[in-house]
Amino acid sequence: KAGVTQTPRYLIKTRGQQVTLSCSPISGHRSVSWYQQTPGQGLQFLFEYFSETQRNKGNFPGRFSGRQFSNSRSEMNVSTLELGDSALYLCASSPAADQLADTQYFGPGTRLTVL
Amino acid sequence: EDQVTQSPEALRLQEGESSSLNCSYTVSGLRGLFWYRQDPGKGPEFLFTLYSAGEEKEKERLKATLTKKESFLHITAPKPEDSATYLCAVQAGGSYIPTFGRGTSLIVHP
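From first to last, the protein sequence lines stand for chains A and B. Numbered as in this note's numbering, the first sequence ends at 479 without a single skipped number. Numbered as in this note's numbering, the second sequence ends at 718 without a single skipped number.
Keep in mind that the hints are not guaranteed to be accurate.
From the derived model, a few chain B residues whose C-beta atoms are all more than 12 Å from chain A [unchecked claim]: (1) V612; (2) N630; (3) L641; (4) Y644; (5) G649; (6) T657; (7) S660; (8) K671; (9) T675; (10) E678; (11) P706; (12) P718.
No farther apart than 27 Å at their CA atoms in a straight line, the calculated lysine-lysine pairs in the BS3-like style are these [said to hold, decoys possible]: (13) K676/B <-> K687/B; (14) K687/B <-> K377/A; (15) K650/B <-> K687/B; (16) K665/B <-> K421/A.
Calculated directly from the structure, the hints in this document are not laboratory data. Positions of the beta carbon are idealized from the N, C-alpha and C atoms, including for glycine.
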């Protein structure tokens, strides 16, 4: 069974630009969560989508947004990039409807660098 | 606010030298405490879930335990392939949003 895939794997942008990251969950998984990982803050939850609806949202500004398509694939968008947005963005998919973290399978991440 | 603190930040061991990693938490109404392993360039990989104080889980050289304030990940006779960053996370109260610690970077020398 194929794992969670994320594209692109690496991305370089400049301040003020916007970026869209993509995540394809494991086949059959309906929940997709997004996380930001930085050396300073660690792993922080961005949001979670289940059946195309945002079910949970972390404490991030409105510049960070996401969506989920009917095939469960998900995208996250960051507008007006700031230097502090440089991070590893991780996507995790889960088959469960019960929202427990132990059913999550993480992708390899997208490394975003903002110059 | 939920707090999760991991210690030490980094740990170097010789192969075969057993040790423990700590994850202390301050939450109301623990729903679950989770341990993950993360290798460089990869996403975290789930290891264990602990739900209540006194619970223990084992997998190969790893054993996770839980008290009302902290969890330990015991590594017995580690091998170089155990080198990774170990993360713990909690879900608590009415929120399903996981709070992660910053991790412990473990290096096991042959």
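Taking the hints in turn, this is what the structure says about them:
Not every beta carbon of chain A lies more than 12 Å from that of V612/B, the smallest distance being close to 9 Å; the non-interface claim is violated. With a cut of 12 Å on Cβ distances, N630/B stays outside the contact zone with chain A, its closest approach being about 16 Å. Listed as a non-interface residue, L641/B fails to keep its Cβ farther than 12 Å from every Cβ of chain A; the least gap is roughly 9 Å. The beta carbon of Y644/B is not kept farther than 12 Å from every beta carbon of chain A, the shortest such distance being approximately 8 Å.
Interface exclusion of G649/B from chain A breaks down, the closest Cβ pair being 7 Å apart, not more than 12 Å. Here T657/B does not stay apart from chain A, with its beta-carbon only about 4 Å from theirs, under the 12 Å limit. Non-interface call for S660/B relative to chain A: holds, since the shortest CB-CB distance, roughly 14 Å, exceeds 12 Å. At roughly 17 Å, the least C-beta separation between K671/B and chain A is larger than 12 Å, which holds for a residue marked as non-interface.
Its beta-carbon lying about 19 Å from the closest one in chain A, T675/B satisfies the requirement of being farther than 12 Å from that chain. Listed as outside the interface, E678/B is consistent with that label: its C-beta sits roughly 18 Å from the nearest C-beta of chain A, beyond the 12 Å cut-off. A beta-carbon of chain A comes within 12 Å of the beta-carbon of P706/B; the shortest separation is about 4 Å. No Cβ of chain A comes within 12 Å of the Cβ of P718/B; the nearest lies about 27 Å off, and the non-interface call holds.
For the proposed pair K676/B and K687/B, the alpha carbon gap of about 30 Å is over 27 Å, so the pair is violated. Taken as a hint, the K687/B and K377/A pair is broken in the structure, with Cα atoms around 40 Å apart against an allowance of 27 Å. Taking the CA atoms of K650/B and K687/B, the gap is near 20 Å; set against the 27 Å cutoff, the hint holds. In summary, the hint linking K665/B to K421/A is not supported, as the alpha carbons are separated by about 30 Å, beyond the 27 Å threshold.
Consistency note: the structure conflicts with the earlier hints numbered 1, 3, 4, 5, 6, 11, 13, 14, 16.
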